[in-house]
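2 protein chains.
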Amino acid sequence: MKLADIYLKFQSDITIIEQELEATVQARHDVLRDASTHLLKAGGKRIRPVFVLLAAKFGHYDINVLKNIAVPLELVHMASLVHDDVIDDAELRRGQKTVKSQWDNKVAMYTGDYIFAKAVETSAYFDDPRIHQILSNTLVEMCIGEVEQIRDQYNWGQNLRNYFRRIKRKTALLIAVSCELGALAAKADPKIQKHLYDFGYNVGMAFQITDDILDFVGTEKQLGKPAGGDLRQGNVTLPALYAMQHDREAATLIKEVLKDEYPGTFDVEPIIKAVNQSGGIEFSLKMSERFLNRAYDALSKLPDSDANFYFREIAAYIGERKF
Amino acid sequence: MKLADIYLKFQSDITIIEQELEATVQARHDVLRDASTHLLKAGGKRIRPVFVLLAAKFGHYDINVLKNIAVPLELVHMASLVHDDVIDDAELRRGQKTVKSQWDNKVAMYTGDYIFAKAVETSAYFDDPRIHQILSNTLVEMCIGEVEQIRDQYNWGQNLRNYFRRIKRKTALLIAVSCELGALAAKADPKIQKHLYDFGYNVGMAFQITDDILDFVGTEKQLGKPAGGDLRQGNVTLPALYAMQHDREAATLIKEVLKDEYPGTFDVEPIIKAVNQSGGIEFSLKMSERFLNRAYDALSKLPDSDANFYFREIAAYIGERKF
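Those protein sequence lines, which keep their order, are chains F and R. The first sequence begins at 1 in UniProt numbering and counts up by one. The second sequence begins at 1 in UniProt numbering and counts up by one.
These are calculated hints, taken from the structure and not from any lab test. All of these numbers come straight from a predicted model, not from anything done at the bench. Treat each hint with caution, since some may be false.
These stretches of chain R come out as covered by chain F in the derived footprint (C-beta under 8 Å, 3 or more residues) [to be verified]:
1. 60-73
2. 146-160
The calculated DSS-like cross-link candidates involving lysine-lysine, where the alpha carbons are at most 27 Å apart (straight line), are [stated by the list, open to error]:
3. F:Lys259 - R:Lys259
4. R:Lys106 - F:Lys168
5. R:Lys194 - F:Lys106
6. F:Lys301 - F:Lys191
7. F:Lys168 - F:Lys194
8. R:Lys57 - F:Lys106
9. F:Lys225 - R:Lys255
10. F:Lys106 - R:Lys168
11. R:Lys191 - F:Lys106
12. R:Lys9 - F:Lys106
13. F:Lys255 - R:Lys255
14. F:Lys106 - R:Lys106
15. F:Lys97 - R:Lys106
16. R:Lys170 - F:Lys106
17. F:Lys170 - R:Lys106
All C-beta atoms, glycine included, are put in the ideal place defined by N, C-alpha and C.
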């Protein structure tokens, strides 16, 4: 089963969420509206809303309730991307100009603030304080993750634990709570909420590791931006960390690039080759697989259902994805 | 009665809020913790928490409930200051180095995000969706206000309506909802909530107009930063707007300063003199007084009480304050 087929099964509800997203960012202010709409149109797989819907299938599924948590989760993701692009000084995202490049850093900062605020406003629909607690705690953790990423930039002395903690906060947590909050909003059994959180967390970890691998082995066309971007921004990810710890030649090459705070363009080919030869890509693939297996474990504790099957298919897609 | 005497009456509860504020920003991350604590220590009058406490006196006063809304409101104020300083490129705030100057713009952006997130997390205590709706809607409006401020910068063609709408979003709204949410959290009568909102809104408008007047007539020692800072940053406030519309000489001088996007240092004395001669200061004082009178009107609709008396004293202080 292809990912597109799963989306087809939920097409009418995804359309509702898409319309809600658009309506939500229709600010009375032109720059905010244009910047937010620009972001929305840039697309994305809307994986967080889809996870909300699938998770809710384990409880009482009502799209008119669920949209009030699916929309905020996607907005939080979008807002974090806008602020991320300010930090990374990124010109392109998914092949499109970023808000900070189309407008400027100040507009990007406030567009992010605005989208965050709209996310919180939309979730105000719920009267269950746990939903607010989980969502706001996620925002807090994501901010800590962002600052950790700044601290760890250009730091080739960091250990694997730093890396895993950082990608948990950066990516896995929001996917985990998408599953958890989908189930919670649908009033599914607390045990089911827990297993769905575990599934989301492990899938999220695998997803980010795959992303970090692709940054080394993908083509510019696949990535929508040049390969080697992480190292260029001083972000030391799993393949590079492994390579530096296990291969002297790779370590020398990577340290050379990280020495300079703004290396600009540099020849990424020798580094990719060195990372590959060190076993860094292979190790990262194995780690991704390990997280995926834990994700499958979590699913095996959930009742058999269409949603369970779709979750499994999505996990498999993440294990195989090339871009 | 002096403002300090009112604070004395609430000293133990203000201390509780102060401790909660400190505990709330104790991030596990050093930069976030240091930057947030730096902000807290820079002080401020904690006017929003005090308004929460006073407003709650019209309902069932319980500090252990109230602190969960007083703390978020002060945090939202702090977060907006941090992001504001990024926009204004401000080096000093209340005579202290700003986060963006002590660290950098990126740290300031995420410190603001973090404090916003902590604000939302703290308010998650409440299960009344109206509290979440009012607070999050305020966040949205404040963001729109910030972007409006960027748009209106260096724009001497704007009208008074722009100015009043902007300072509502920038200042008055958060003070209004501090009163409203204090009353709501204390389950005061909805009519009382409404009058308290009106009081806070009008006091907030008067407060900001006074601030904008002081930027022209205050000394560096009083302001904690050089006078004329607003114009230097391209922010056209009420005294300048009035002067430009009523005095050709003042208009020429101000336009000259606004022509250059980054005028740096310029001689502010002739402008202050021209604004004064145009009647811009006098007009602004009258407008401030008009809002203050509306604030008194709102109080007159509330039951007579100590809190009512204290609110009146605070409004009087705002009418007279010199820094």
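Would you pick out the hints that fail for this structure and give their numbers low to high?
1, 3, 5, 8, 9, 11, 12 and 13
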